[in-house]
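Could you slot chain B onto chain A? The hints should help.
Listed below, chain by chain, are the residues.
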Amino acid sequence: MALLNRKKNSPQQIEANETGSSNLETAGLSQGQIIRKRFFQHKPAIAGLIFIILFTIFVYTASGIHLGTDANPITIKGWWQFAHTDVPPQGPCADGCPSEVHPMGQLPNGRDYFSLVLRGSEISLMIMIVIGGLSAFIGTIIGSVAGFFGGIIDSVMMRFTDFILTVPFILIGAVIGYNLGNFGVFPLAIFLGIFIWPGLARLVRGEFLSLREREFVDAARVAGASNRRIIFKHILPNSVGVIIVSTTLLLSSSILLESGLSYLGFGVQAPDVSLGALISQYQGEFIYAPWLFWWPGVIIIAIALSINFVGDGLRDAFDPRQRRRISRKERAVETGTRAQVNKS
Amino acid sequence: MLAFIGRRLSLALLILFGSTYLTYQLAAYSGDPLAGVRESTDPKKDVIIAELTKTLQLDVPPPARYFLWLTKAFTGDFGNTVILRLPVVDQIAAAIPITLRLVLAASILSVVIGISFGVLSAIRQYSRLDNSLTLLSFFLFSLPIFWIAVMLKEFMAIRFNDFLVNPTIDIVANILISGVIAVIIAGFVSGTKKRVLLTWLVTFGLFVSVFFAASATAWFRYPTMGIFGIAILGIACALGFTHLFSGLGNRKALGAGLSSVVLGLIAYYPFQAIAGPGTNYELMLALAALMLSSSYFIGYFFTKIDKGPVIRVAMLTAFMVSLFTVTDKLMQTWDNYFKLSDGRPIQTQGSYNITIFSNDFWVNNLDLVTHLFLPTTALALGFAGYLRYSRASMLEVLNMDYIRTARAKGMPEREVVLRHAVRNAMLPLTTLLTFEVAGLIGGAIITEGIFGWRGMGSLSNEAIQSQDLNLLMATFAISAFLTIMATLVADLLYSVLDPRIRIRK
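Protein sequence lines, in the order shown, are assigned to chains A and B.
In this text, residue positions in the first sequence follow the numbering used here: the first is 166, and each later residue adds one.
In this text, residue positions in the second sequence follow the numbering used here: the first is 63, and each later residue adds one.
The following block holds chain A by itself, in its conformation from the complex (with noise of 0.2 angstroms):
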């Protein structure tokens, strides 16, 4: 009951205060409710996890939702009057700047620029989710197997990821937006989440390589447990924090991959767009006609936060810190990769 009842500063709230330990804030909680507890009290994350969670279901239901084949298209209608490949005429303002018709303006060509937008910002988090979605698994099995049997497989598949590492994102655009450029972004988004999972295959390396080691596997070994099963039932739950919270900065780092291939022509081709297209297109635009280039590129900076943030509170919610130690240099190697991502 004293627990309960804890006044804020009984003795042991301040032992835990300055021991560091939250024993009191957590006391039979399970470690999924930590978790949760943690995430929720990070303001910051919370607010990115809103702003997504509301940014995605504006951008799908106001261009409507669009299914089956040319020939047999199955529509569902959405709040926006046009589409992306619409040509309405002129609106109110002359020079297309942004009327309450045409909220970001309309392009010289006549078409409006809110629906180009949203059409961008689709395809923006549709390349995200499936590049972060497909690098998080490649990497995590790679990882996973290389680090928990070591020796020659673990030097077999780090050399491969070694091999990985080298091939330059650039041509893979260049090599789909060229072959397959007909079936649109969707083959881009496979090819480019096939090629960056290095640097998380390498981190699950490392927290593998770590936890192998640990009394709770030999355990679960001495108990008969198969090699199978010691890795996604013990050791893999156990490092899914490092998973989730690379992940999350894997989705924000290929979100700027994609704008950035974009830009130089070899990502999204026309007469699609993304944002990372549109800013390329609209750059020469910017003392004239300013609203083409700023909307992209905010709601590209706002994507992107919102992820960091969100990724942020979910590391400090999962607090590898003090529980367990990740080697430091499997970190850098994919802080390291991130950062050369972002750069170039």
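Note that these hints are calculated values from the structure, not bench results.
Backbone N, C-alpha and C fix where the C-beta goes; we use that ideal spot for every residue, glycine too.
Mixed in with the good hints there might be a few duds.
Covered by chain B, according to a simulated footprint, are these stretches of chain A (three or more residues, beta-carbon under 8 angstroms) [what the hints assert, rightly or not]:
| # | segment |
| --- | --- |
| 1 | 215 to 228 |
| 2 | 293 to 302 |
| 3 | 325 to 332 |
| 4 | 420 to 427 |
Straight-line C-alpha distance at most 20 angstroms; calculated SDA-like pairs for lysine to any residue [what the hints assert, rightly or not]:
| # | chain 1 | residue 1 | chain 2 | residue 2 |
| --- | --- | --- | --- | --- |
| 5 | A | K208 | B | Q187 |
| 6 | B | K314 | B | A248 |
| 7 | A | K208 | B | T196 |
| 8 | A | K208 | B | S189 |
| 9 | A | K208 | B | D192 |
The following block gives chain B in isolation, referenced to the frame of chain A:
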């Protein structure tokens, strides 16, 4: 160890072979190198196509053509570019110095800024400073570089050049700008509200008067620092470094720092005489070496015990004073350069101004600086990565037992941080740094493209755009080689620096 290196090197060759093979196939299937010729209306089109097919060996399928390329590459023959028929090797040899110039400055800046702010941020975890730096670094992480580059061009080059026509800051703008700067600086201060407010007021007053003076004397048009400016900045540096490395209580360190400033000031007038328009880099480097070595001896003979921090303060101060002296010299050239560049000194395109023909060493270097300014700023924003990373690493180290031991034995906090924490926290950054060094040659594709620098990045971009396999493979092979070497060097360096890590046989 040797066996390990040997094995890894042979594996590296294998990986290099594999990745060049894959790249060759990807590149070969990414387009048609003859597309440009096919679309032309040249009556001799068929002849040209036949000829190009022969010289580029396009009749051989790509999986086999790779080996033709490989055998030639082994003899050092990387072929010619497709369109202009220039040797690829020459193109690359011309591009590497340009890229190095661009990326080296930005890398050094981002590493220095990132690490120092990261360490600061970690020491004051969850303070106002830490929170603002975290927010800033997340913001920079989310910034597409081409977007910020367009803004930089507009606001830091075009508008600034316009401003130089009439370089006066009106009083409203002055108060606004100074207010914002003061808010930022006051944000770095921790402590009571009163202290923060006081800092804000002092900074605000300082900046208002500085901007007022700059506006009244048209400083931006006729910038000058002079021997007094160097003296003031030099003394500030000496105080700052002493505070950082040994505390102001250490009179020996302060004395050594101030002596370096005096040395720099004594050298000021002789420097003006020596460093005329006809000077060269060798002489400049020799002077810098002289300055640094003499400051080393100043530090060495200033004290008998604990020479390390004293020498460090003396040398860093001397370095900064030399930097100020060179900046002063460039400022003296500013007016001349301003006229030569038709009143648009800050450049947005290219790596040098083709309309300026000058034999003046300082004009040429100022030209280099004004061209470097924007792309370097854009690239240096990458410091956010180093900031986040050194912060995380530092926080982890600060929680270690040996830090507690050091504190418990009564070591001053400065020593604990500088001697025990920072050094260990920097260990994992070696991996990051090796990748940075490998990236130096590879260049920055997007940045080079935006600012029109013809470095390695734009070269490989161009190669992909024009399906130029020879050029592409040469640039790619270099960067792949460097990436593989970086992973190897990182592994080795890390095990050398950190004895806890052992290379598994």
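Hints and how they fare:
1. 215 to 228: Violated: only 0 residues of the segment 215 to 228 of chain A have a Cβ under 8 angstroms from chain B.
2. 293 to 302: Per the Cβ count (0), the hint is violated.
3. 325 to 332: Contact hint for the segment 325 to 332 of chain A vs chain B: holds, 5 residues under 8 angstroms.
4. 420 to 427: holds (count 3)
5. A:K208 x B:Q187: This hinted pair holds, its Cα atoms lying about 17 angstroms apart.
6. B:K314 x B:A248: violated (31 angstroms)
7. A:K208 x B:T196: Distance of about 14 angstroms is within 20 angstroms: holds.
8. A:K208 x B:S189: holds (16 angstroms)
9. A:K208 x B:D192: holds (16 angstroms)
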